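Chain A is already provided as a structure; the job is to place chain B on it using the hints.
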Amino acid sequence: MFEDTDRKLCIICSKGTLDMAYPGLVLANAALMEGIDVTMFFTFWGLDIINERKMRNLKFVPIGNPSMPIPNAIGGLPGMTNMATAVMKREIAGLGFPPIDEFLEMITDAGGKLYACKMSVDMFEDMRMMDEDDLFERVEGVVGATDFMEMSKDAQIIFI
Amino acid sequence: MTTQRVVAGTAVDFDDDGFMDKPEQWSEDVAETLAGEIGISPLTDRHWQVIEFCRSDFQAQGEIPTLRRITTVGGVPTKELYKLFPKGPAKKVAYVSGLKKPSGCI
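Here the protein sequences come in this chain order: A and B.
Mapped onto the working numbering, the consecutive letters of the first sequence carry residue numbers 112 to 271.
Mapped onto the working numbering, the consecutive letters of the second sequence carry residue numbers 401 to 506.
None of these hints come from the bench; they were simulated from the model.
Please note: incorrect hints may appear among the correct ones.
Claimed, not checked - Computed list of lysine-lysine pairs in BS3-like fashion (alpha-carbon distance at most 30 Å, straight line):
(1) A/Lys119 - B/Lys483
(2) A/Lys224 - B/Lys479
(3) A/Lys126 - A/Lys170
(4) B/Lys501 - A/Lys224
(5) A/Lys119 - B/Lys487
(6) B/Lys422 - A/Lys264
(7) B/Lys479 - A/Lys200
(8) A/Lys229 - B/Lys479
(9) B/Lys479 - A/Lys264
(10) B/Lys500 - A/Lys119
(11) B/Lys500 - B/Lys487
(12) B/Lys501 - A/Lys119
(13) B/Lys422 - A/Lys224
(14) B/Lys501 - A/Lys200
(15) A/Lys165 - A/Lys224
(16) A/Lys224 - A/Lys200
(17) B/Lys479 - A/Lys119
(18) A/Lys126 - A/Lys200
(19) A/Lys224 - A/Lys126
(20) A/Lys224 - A/Lys264
(21) B/Lys422 - B/Lys483
(22) A/Lys264 - A/Lys200
(23) A/Lys170 - A/Lys264
(24) B/Lys500 - B/Lys422
(25) B/Lys501 - A/Lys165
(26) A/Lys126 - B/Lys500
All values reported here derive from a predicted model rather than from experimental measurement.
Extracted from the complex, chain A is given alone in its bound form:
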């Protein structure tokens, strides 16, 4: 029941909206609670999750989402994104889940490793959308796709 596991999990986070940030964080934390080795790799918009200037302000966008019970014409009105985001944040907190920055601290305190994707960092720096210095201090490093292949050897991979 409590045998040590050599299971390894790599989670790739490619989306930067609030609703797409949490699944990766929840799974990473759950794996750590089970004694599973966890590496998280943040690419493209997923970099927002580990961007000091953005991570506390991730949004949930209600338009273009057929699961939302409101029409796009309403969801697209000014202020709707902020309202939907506030509601989702309140629900998440109510269920006992921490905000993004605190969640990342928990995951790294539990031994999880965070890496940023080099191509994405280079691209967003080129577009003046971010600076490597903006990365959350707990991020271990900026690595390329081939590095990721080495890191994820023998690991199960989840792409979000």
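Same frame as chain A, but now just chain B:
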């Protein structure tokens, strides 16, 4: 289905998941023995702080506290929890505290 075995000299019922079925059968001696079985020995003051928080919180709330609750309310930081109960603290804490297998996601 429960199975019974003798732990620290007393009969203890375990559920299908292998966790204690009746929290009232728990004692400090039982906790020491269960902890030893899963490689945690001896139990230090900090272990006891976690165990006592879990038991009292369970009694008050009727729910097994999540690891996040143990850190935010119980006052034991995440890093330390993973040191005290290495490799899968959530289940180990519940097991030693005489509680059921935790089902929370956090």
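Now the hints, each set against the structure:
{"no.": "1", "hint": "A/Lys119 - B/Lys483", "verdict": "holds (19 Å)"}
{"no.": "2", "hint": "A/Lys224 - B/Lys479", "verdict": "holds (14 Å)"}
{"no.": "3", "hint": "A/Lys126 - A/Lys170", "verdict": "holds (11 Å)"}
{"no.": "4", "hint": "B/Lys501 - A/Lys224", "verdict": "holds (27 Å)"}
{"no.": "5", "hint": "A/Lys119 - B/Lys487", "verdict": "holds (13 Å)"}
{"no.": "6", "hint": "B/Lys422 - A/Lys264", "verdict": "violated (43 Å)"}
{"no.": "7", "hint": "B/Lys479 - A/Lys200", "verdict": "holds (25 Å)"}
{"no.": "8", "hint": "A/Lys229 - B/Lys479", "verdict": "holds (29 Å)"}
{"no.": "9", "hint": "B/Lys479 - A/Lys264", "verdict": "holds (26 Å)"}
{"no.": "10", "hint": "B/Lys500 - A/Lys119", "verdict": "holds (26 Å)"}
{"no.": "11", "hint": "B/Lys500 - B/Lys487", "verdict": "holds (18 Å)"}
{"no.": "12", "hint": "B/Lys501 - A/Lys119", "verdict": "holds (22 Å)"}
{"no.": "13", "hint": "B/Lys422 - A/Lys224", "verdict": "violated (38 Å)"}
{"no.": "14", "hint": "B/Lys501 - A/Lys200", "verdict": "holds (28 Å)"}
{"no.": "15", "hint": "A/Lys165 - A/Lys224", "verdict": "holds (20 Å)"}
{"no.": "16", "hint": "A/Lys224 - A/Lys200", "verdict": "holds (25 Å)"}
{"no.": "17", "hint": "B/Lys479 - A/Lys119", "verdict": "holds (20 Å)"}
{"no.": "18", "hint": "A/Lys126 - A/Lys200", "verdict": "holds (17 Å)"}
{"no.": "19", "hint": "A/Lys224 - A/Lys126", "verdict": "holds (18 Å)"}
{"no.": "20", "hint": "A/Lys224 - A/Lys264", "verdict": "holds (15 Å)"}
{"no.": "21", "hint": "B/Lys422 - B/Lys483", "verdict": "holds (27 Å)"}
{"no.": "22", "hint": "A/Lys264 - A/Lys200", "verdict": "violated (35 Å)"}
{"no.": "23", "hint": "A/Lys170 - A/Lys264", "verdict": "violated (33 Å)"}
{"no.": "24", "hint": "B/Lys500 - B/Lys422", "verdict": "holds (9 Å)"}
{"no.": "25", "hint": "B/Lys501 - A/Lys165", "verdict": "violated (37 Å)"}
{"no.": "26", "hint": "A/Lys126 - B/Lys500", "verdict": "violated (36 Å)"}
Checked against the numbered hints above, the structure violates hints 6, 13, 22, 23, 25 and 26; every other hint is satisfied.
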